[in-house]
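Here are the chains, one letter per residue:
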Amino acid sequence: AQSVTQLGSHVSVSEGALVLLRCNYSSSVPPYLFWYVQYPNQGLQLLLKYTTGATLVKGINGFEAEFKKSETSFHLTKPSAHMSDAAEYFCAVSGADSSYKLIFGSGTRLLVRP
Amino acid sequence: SQTIHQWPATLVQPVGSPLSLECTVEGTSNPNLYWYRQAAGRGLQLLFYSVGIGQISSEVPQNLSASRPQDRQFILSSKKLLLSDSGFYLCAWCRGISYEQYFGPGTRLTVT
Numbered sequence: 084a085q086s087v088t089q090l091g092s093h094v095s096v097s098e099g100a101l102v103l104l105r106c107n108y109s110s111s112v113p114p115y116l117f118w119y120v121q122y123p124n125q126g127l128q129l130l131l132k133y134t135t136g137a138t139l140v141k142g143i144n145g146f147e148a149e150f151k152k153s154e155t156s157f158h159l160t161k162p163s164a165h166m167s168d169a170a171e172y173f174c175a176v177s178g179a180d181s182s183y184k185l186i187f188g189s190g191t192r193l194l195v196r197p
Numbered sequence: 039s040q041t042i043h044q045w046p047a048t049l050v051q052p053v054g055s056p057l058s059l060e061c062t063v064e065g066t067s068n069p070n071l072y073w074y075r076q077a078a079g080r081g082l083q084l085l086f087y088s089v090g091i092g093q094i095s096s097e098v099p100q101n102l103s104a105s106r107p108q109d110r111q112f113i114l115s116s117k118k119l120l121l122s123d124s125g126f127y128l129c130a131w132c133r134g135i136s137y138e139q140y141f142g143p144g145t146r147l148t149v150t
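Residue numbers (the working numbering), protein chains in the order written: chain A, 84 to 197; chain B, 39 to 150.
Please keep in mind that the hints were generated in silico from the structure rather than gathered at the bench. Note that beta-carbon positions come from the ideal geometry of N, C-alpha and C, so glycine has one too. Mixed in with the good hints, there may be bad ones.
[Said to hold, decoys possible] As a list, the in silico DMTMM-like pairs of lysine to aspartate or glutamate whose alpha-carbon atoms are at most 25 Å apart:
no., chain 1, residue 1, chain 2, residue 2
1, A, K132, B, E138
2, A, K132, B, D123
3, A, K141, B, E60
[Stated by the list, open to error] Coverage of chain A stretches by chain B, computed from C-beta distances (three or more under 8 Å per stretch; other residues unrestricted):
no., stretch
4, 115 to 126
5, 146 to 152
6, 174 to 182
Assemble the whole structure, with the sequences as input and the hints as a guide.
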């Protein structure tokens with residue numbers, strides 16, 4: 084069965100520090116993996132995705148993630164946090180049927196301290 | 039380009055009243071459509087999805103129902119709202135050949 088675990092419901096970093104948001108997945112088939120960001124009272128916006136090919140994926144706003152099959156991980160990173168990065172981040176894995184469902188993690192709220 | 043709309047943006051309804059939330063997608067045809075709910079401080083819960091007109095699949099049995107009367111229109115309904123129906127409702131779509139979902143702006147529902 085497909086599942087996603089995001090370690091840490093809240094992560095706090097200083098402005099300019101490295102951002103690391105953790106995501107581990109379980110999948111019975113080769114996964115497609117996604118990171119979404121949600122700002123308060125808004126819908127989710129796609130940050131980046133892994134489908135096939137290069138395991139290091141670059142997204143918008145300077146974020147990137149690396150697919151590590153051996154570790155079943157897809158952690159999100161950004162070298163230098165900006166105040167505008169404060170938001171909730173969701174990791175998702177593809178389902179295993181023709182509905183094209185995504186299975187979402189419970190989310191990580193990123194706080195950026197000035 | 040594709041656009042997804044949801045309305046209303048906010049809604050305050052008394053317990054026991056009916057509900058109708060609408061989602062419309064522009065710029066694509068035959069999309070897969072999804073309704074999610076976010077309760078306060080919680081993650082995303084998939085409620086319903088549809089892979090075609092009149093085809094609705096329910097993920098969680100509850101006080102809600104969904105319909106897809108037109109190709110790019112997805113409606114979430116309830117006959118009698120409960121307090122527990124409060125939350126942020128999100129509609130999303132994807133092409134039927136891809137898992138990449140695109141989300142609408144959401145509807146904030148408060149049941150009083």
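Hint by hint, here is what the structure shows:
| no. | hint | result |
| --- | --- | --- |
| 1 | A:K132 - B:E138 | holds (8 Å) |
| 2 | A:K132 - B:D123 | violated (31 Å) |
| 3 | A:K141 - B:E60 | violated (34 Å) |
| 4 | 115 to 126 | holds (count 6) |
| 5 | 146 to 152 | violated (count 0) |
| 6 | 174 to 182 | holds (count 4) |
Hints 2, 3, 5 from the list above are not met by this structure, while the remaining hints are.
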